[in-house]
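There are 2 protein chains.
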Amino acid sequence: MEVEIIAVGDEVLLGHIVNSNSSFIARQLSDLGFSVRLHTVVGDNVEAMEEAFRLALKRSKVVVVTGGLGPTDDDLTKRAIVKVFKRNLILNDNILETIRQRFTSRGMEMPALTQNQALLPQGATFFPNKFGSAVGICIAEQGRVFIALPGVPVEMQQIMTDEVIPYLASLNIGQAISAITLRTTGIGESHLSEMITPNLRLEPGVKLAYLPHYGSVDLRVVATGATKTETNEKAERLARHIEKMVGNYVFGRGEETLPAVVGRLLKDNDKTLAVAESCTAGQLGMEITDVPGASAYFVGGLEAYSNDVKIAQLSVPEDIVAQNGAVSEECALAMATGCRKLFKSDYALSITGIAGPDGGTDEKPVGITFIGLASAHTSYAKMYRLGIDRRMNRTRAVKAALELLRREILDIK
Amino acid sequence: MEVEIIAVGDEVLLGHIVNSNSSFIARQLSDLGFSVRLHTVVGDNVEAMEEAFRLALKRSKVVVVTGGLGPTDDDLTKRAIVKVFKRNLILNDNILETIRQRFTSRGMEMPALTQNQALLPQGATFFPNKFGSAVGICIAEQGRVFIALPGVPVEMQQIMTDEVIPYLASLNIGQAISAITLRTTGIGESHLSEMITPNLRLEPGVKLAYLPHYGSVDLRVVATGATKTETNEKAERLARHIEKMVGNYVFGRGEETLPAVVGRLLKDNDKTLAVAESCTAGQLGMEITDVPGASAYFVGGLEAYSNDVKIAQLSVPEDIVAQNGAVSEECALAMATGCRKLFKSDYALSITGIAGPDGGTDEKPVGITFIGLASAHTSYAKMYRLGIDRRMNRTRAVKAALELLRREILDIK
Chain A
1 MEVEIIAVGD EVLLGHIVNS NSSFIARQLS DLGFSVRLHT VVGDNVEAME
51 EAFRLALKRS KVVVVTGGLG PTDDDLTKRA IVKVFKRNLI LNDNILETIR
101 QRFTSRGMEM PALTQNQALL PQGATFFPNK FGSAVGICIA EQGRVFIALP
151 GVPVEMQQIM TDEVIPYLAS LNIGQAISAI TLRTTGIGES HLSEMITPNL
201 RLEPGVKLAY LPHYGSVDLR VVATGATKTE TNEKAERLAR HIEKMVGNYV
251 FGRGEETLPA VVGRLLKDND KTLAVAESCT AGQLGMEITD VPGASAYFVG
301 GLEAYSNDVK IAQLSVPEDI VAQNGAVSEE CALAMATGCR KLFKSDYALS
351 ITGIAGPDGG TDEKPVGITF IGLASAHTSY AKMYRLGIDR RMNRTRAVKA
401 ALELLRREIL DIK
Chain B
414 MEVEIIAVGD EVLLGHIVNS NSSFIARQLS DLGFSVRLHT VVGDNVEAME
464 EAFRLALKRS KVVVVTGGLG PTDDDLTKRA IVKVFKRNLI LNDNILETIR
514 QRFTSRGMEM PALTQNQALL PQGATFFPNK FGSAVGICIA EQGRVFIALP
564 GVPVEMQQIM TDEVIPYLAS LNIGQAISAI TLRTTGIGES HLSEMITPNL
614 RLEPGVKLAY LPHYGSVDLR VVATGATKTE TNEKAERLAR HIEKMVGNYV
664 FGRGEETLPA VVGRLLKDND KTLAVAESCT AGQLGMEITD VPGASAYFVG
714 GLEAYSNDVK IAQLSVPEDI VAQNGAVSEE CALAMATGCR KLFKSDYALS
764 ITGIAGPDGG TDEKPVGITF IGLASAHTSY AKMYRLGIDR RMNRTRAVKA
814 ALELLRREIL DIK
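From first to last, the protein sequence lines stand for chains A and B. Just so you know, we're using the working numbering here: the first sequence kicks off at 1 and counts up by one. Just so you know, we're using the working numbering here: the second sequence kicks off at 414 and counts up by one.
FYI, nobody ran anything at the bench for these hints, they're computed from the structure. Note that beta-carbon positions come from the ideal geometry of N, C-alpha and C, so glycine has one too. You may find that some hints are simply not true.
[To be verified] Quick partial rundown of chain B residues pointing at chain A, CB under 8 Å, derived from the structure: (1) Ser433; (2) Phe437; (3) Phe498; (4) Tyr627.
[Stated by the list, open to error] For lysine to aspartate or glutamate, the following EDC-like pairs were computed, each having C-alpha atoms within a straight-line distance of at most 16 Å: (5) B:Lys795 <-> B:Glu743; (6) A:Lys207 <-> B:Asp487; (7) A:Lys58 <-> A:Glu109; (8) B:Lys777 <-> B:Glu742; (9) A:Lys207 <-> B:Glu743; (10) A:Lys271 <-> A:Asp411; (11) B:Lys620 <-> A:Asp10; (12) A:Lys382 <-> A:Glu408; (13) B:Lys620 <-> A:Asp74; (14) A:Lys83 <-> A:Asp31; (15) B:Lys757 <-> A:Asp308; (16) B:Lys471 <-> A:Glu51; (17) B:Lys620 <-> B:Glu646; (18) A:Lys341 <-> B:Asp721; (19) B:Lys496 <-> B:Glu463; (20) B:Lys757 <-> B:Asp683; (21) B:Lys471 <-> B:Glu554; (22) B:Lys620 <-> A:Glu11; (23) B:Lys754 <-> A:Asp308; (24) B:Lys684 <-> B:Glu821; (25) A:Lys344 <-> B:Asp721; (26) B:Lys777 <-> B:Asp802; (27) A:Lys58 <-> B:Glu464; (28) B:Lys620 <-> A:Asp44.
[As the list claims (entries may be wrong)] With the Cβ distance kept under 8 Å, some of the chain A side facing chain B (calculated, not the full set): (29) Ala26; (30) Thr72; (31) His191; (32) Ser295; (33) Gly300; (34) Gly387.
Generate the whole structure from the sequences, applying the supplied hints.
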């Protein structure tokens, strides 16, 4: 069954708020088996809303609107609804009483404006709002379902989860959907496609998408069909087939991040990690500790931004900095071994590179990065040619460093 | 002049990627004086794209599409373009040569699939892409401008900024617009509003918006009018009025970030900075060095995640960790003074807190954070009660630390 999502609000339309509401609703509905057809964003403008609501109702059986249900003058969603559905607003005593009680229990008087929140389009039902005064509105008729929810994310999410999802799940939509995301790193989108496409035969109802990020590409398998068992099996079949073709470039599935995967490997092997970061200056440590519980394996790190710090704290020989430069294989290696000694960790990773925009030379252009790894058994450094943008280079360097460690622990050559 | 923005891609449609691209484009275009009419999101589906492109071209003079320009089979934007505009794809030798050279310079062979990236709809011009192989496409005819950009954010943003904005600015759109963003930190949206609203009288054609982020709020002044001189003056008048009311909470204007402002202050005063980070574990160093040229004042830092590192590297007395705990005013102070000695810097900042989700107690709940500052003249630490989310807490702690230093350097009490 097809569904459209409409977000209402000037702040979203003008780009001052990122439209995470539509993403949340889309994810929930597609997990439920609905086929999301379109998202639209319109401003706080009754005519634009009317047009968007009418077009959506013409195209799709279910329309979910978010935003514009507040009590102030720029909240116009209800006005557009009564125009599209040609009906009046009626004061709902139950809603009014609930809102009034909420104010009373907080020792406050209900502002006069808030009474607007108890107005409902004739014939509509409502979904209660645990966190605010704007209830969800539902008009179901002539085979169409129109739902309007507030735009405050925590309120919208509560009503979606507690009310809208159970309600929509009760409509028999006759289609199941399953999705699996395979996460890869160390290989570009085109090369992945060259490995996959020649041997790919997609079953009916199965799709594959490539999702590139800085330094990683997600492969997303989506299967649709009559039953969840069927779609789970179809998605799993393709995911396994791709894993065989792509092999070690896949580091995880679903929401698993590279720092979380490496963290789990360290924890499972009872090993610790320290880092020495020049051009990333903390980003590697930050991403490693983005994973709750990282203190089980992450000891600490050095933001070795200046050469003095590399020499004084990491014991990088002055000769190396003078002769090979701070951005060199030799320096990355010395940083990693020095870091491991300083922090007494099992593994150490080092990053030194030219992140840009300045500092590049003909011999060592922006993007050149060396990553070092040291353990009790081995130590080495590798050169990477990353991109030309500072943030991109730093993010790619962090992923490359984590991937180097993942491959070392798993003994992938 | 009205503009519509269309984002293409199943991942956005299904909610797995938040549509920050449309927000970026909307912000840029509305700053330029365009009237943003609608955003649409469609999946990787040629028919859905065709319909969306046709509807948008009927309603609005300018249509900007993002996504679906990659080399793989699920990148269908060009196929929809040639259907809507009824023309062929033609191989562009200049584009092909540029892409080939980029691969060669990185010591790599161009994958065969990448050749698709050099195909352009007949009669289209292109905008070069500094970071990737997907060029922007522009078809301008019959009073309509249709622009298609890649979906990778850094690539889209570069082409928008360097190519599309100058191009669209050259079209005469008959209305001037000026915007000034005042950036504040250390104060919430409601308190800012209480300081501003009682004394605010907006001239006609001038608007003020509050844009909250983690740990900071932007105040956005937008003036519209007949000429740029008029709108510049109106916007500047309101901005100055607000600066008077809000005073030292404003740290900068426009795109100026807090790390850039603090960096400039350090540079102007010829001072250096080092950091010691426990719960942020590198994020402060990373954000400081997000500013190109930070090596002029940033020496380095310690990711002092474990207590051993705090004691061994930063010389925090064991007694403090044992008696006051690693998350304490005393520990933050000792970390800052130890950090300053270790790195021989003029200033040192330290952060230690309970970022969550675990580790909170009744006495020290999640969000409690101590930030220390040490210089040749003074040293102190302050307690902050941040939020309940790990990422939010770390980002807020970084901003609070930078703001503490800004106020110290500027002698703001």
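Going down the list of hints, with the structure as the test:
1. Ser433: holds, 5 Å
2. Phe437: holds, 6 Å
3. Phe498: Where the cut-off is 8 Å and the nearest Cβ of chain A is about 21 Å from Phe498 of chain B, the hint is violated.
4. Tyr627: With a closest approach of 13 Å, the Tyr627 of chain B hint is violated.
5. B:Lys795 <-> B:Glu743: holds, 10 Å
6. A:Lys207 <-> B:Asp487: With Cα atoms ~9 Å apart, Lys207 of chain A and Asp487 of chain B stay inside 16 Å; holds.
7. A:Lys58 <-> A:Glu109: Given pair Lys58 of chain A, Glu109 of chain A is violated - Cα atoms ~43 Å apart, limit 16 Å.
8. B:Lys777 <-> B:Glu742: holds, 12 Å
9. A:Lys207 <-> B:Glu743: Given that 16 Å is the threshold and the Cα spacing comes to 57 Å, the pair is violated.
10. A:Lys271 <-> A:Asp411: Distance ~15 Å between Lys271 of chain A and Asp411 of chain A Cα, so the pair holds.
11. B:Lys620 <-> A:Asp10: holds, 12 Å
12. A:Lys382 <-> A:Glu408: Within the cut-off at roughly 13 Å; holds.
13. B:Lys620 <-> A:Asp74: holds, 14 Å
14. A:Lys83 <-> A:Asp31: Roughly 32 Å between the alpha carbons, so the hint for Lys83 of chain A and Asp31 of chain A is violated.
15. B:Lys757 <-> A:Asp308: holds, 10 Å
16. B:Lys471 <-> A:Glu51: With Cα atoms ~14 Å apart, Lys471 of chain B and Glu51 of chain A stay inside 16 Å; holds.
17. B:Lys620 <-> B:Glu646: The hint holds at about 14 Å.
18. A:Lys341 <-> B:Asp721: holds, 14 Å
19. B:Lys496 <-> B:Glu463: holds, 7 Å
20. B:Lys757 <-> B:Asp683: Roughly 14 Å between the alpha carbons, so the hint for Lys757 of chain B and Asp683 of chain B holds.
21. B:Lys471 <-> B:Glu554: holds, 13 Å
22. B:Lys620 <-> A:Glu11: Between Lys620 of chain B and Glu11 of chain A the Cα gap is close to 12 Å, so the pair holds against 16 Å.
23. B:Lys754 <-> A:Asp308: It holds: about 14 Å lies between the C-alpha atoms, which stays within 16 Å.
24. B:Lys684 <-> B:Glu821: Since the Cα atoms of Lys684 of chain B and Glu821 of chain B sit roughly 13 Å apart, the hinted pair holds (cutoff 16 Å).
25. A:Lys344 <-> B:Asp721: holds, 10 Å
26. B:Lys777 <-> B:Asp802: Between Lys777 of chain B and Asp802 of chain B the Cα gap is close to 15 Å, so the pair holds against 16 Å.
27. A:Lys58 <-> B:Glu464: Cα-Cα ~14 Å, so holds.
28. B:Lys620 <-> A:Asp44: holds, 15 Å
29. Ala26: Holds - the Cβ of Ala26 of chain A comes within 8 Å of chain B, reaching about 3 Å at its closest.
30. Thr72: violated, 14 Å
31. His191: Hint holds; His191 of chain A Cβ to chain B Cβ min 6 Å, cut 8 Å.
32. Ser295: Holds, because the Cβ-Cβ distance from Ser295 of chain A to chain B comes to roughly 6 Å (cut-off 8 Å).
33. Gly300: It holds, given that the least Cβ distance between Gly300 of chain A and chain B is near 4 Å, below 8 Å.
34. Gly387: holds, 6 Å
Taken one by one, the earlier hints fail for this structure at numbers 3, 4, 7, 9, 14 and 30, listed in ascending order.
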